[in-house]
Amino acid sequence: MKLKKQTLTVSIETEYAKSVISKVKNMMWSKFEINPNVVNFSFDDAPVQEVCFYYVATDEVDKLLRGKIAFGFGEVLAVVA
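Take the sequence shown: its position 34, counted from the start at 1, is 69 in the numbering used here, and no numbers get skipped.
Just so you know, the hints here were simulated from the structure itself, not pulled from any lab data.
For clarity, every value in this text was computed on a predicted model and none was experimentally measured.
Some clues are possibly wrong.
Said to hold, decoys possible - Pairs of lysine to any residue, SDA-like flavour, derived with a Cα cap of 20 Å:
id	residue 1	residue 2
1	LYS53	VAL74
2	LYS103	MET62
3	LYS98	PHE108
4	LYS98	GLY109
5	LYS66	ALA92
6	LYS39	GLY109
7	LYS103	TYR51
8	LYS98	SER77
9	LYS39	LYS60
Could you build all of it, start to finish, from the sequences and the hints given here?
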């Protein structure tokens, strides 16, 4: 079990960004005990926000996390990387 630096980049419609980011962070903490650093690389007036989550986790946990995000949030965000 080796912890690694992980990065998850997602795109979200600006109108829903604050709510979705909050829910993703809450899920990351409650299910995986991950407290990510969140960086938004978009301008406030952009129609789609590109947001990056930086955290440490094993590759197995990262894979589970990405699966949960795709399943639970697939209608409101797109995983970029």
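Each hint, compared with the structure:
Our distance criterion of 20 Å between C-alpha atoms is met by LYS53 and VAL74, whose separation comes to about 12 Å. A C-alpha spacing of about 9 Å is found between LYS103 and MET62, which places the hinted pair at or below 20 Å, so the restraint holds. Taking the CA atoms of LYS98 and PHE108, the gap is near 15 Å; set against the 20 Å cutoff, the hint holds. As the CA atoms of LYS98 and GLY109 are separated by approximately 15 Å, the hinted pair is consistent with the 20 Å bound.
The suggested pairing of LYS66 with ALA92 holds, with an alpha-carbon distance near 13 Å, which does not exceed 20 Å. Of the pairs offered as hints, the one joining LYS39 and GLY109 is violated, with about 25 Å between alpha carbons and a cut-off of 20 Å exceeded. Restraint check: the Cα-Cα separation between LYS103 and TYR51 comes to about 19 Å, which is no more than 20 Å; the hinted pair holds. As the CA atoms of LYS98 and SER77 are separated by approximately 26 Å, the hinted pair breaks the 20 Å bound.
Using a Cα cut-off of 20 Å, the hinted pair LYS39 and LYS60 holds, with the two alpha carbons roughly 18 Å apart.
The earlier numbered hints that this structure contradicts are 6, 8.
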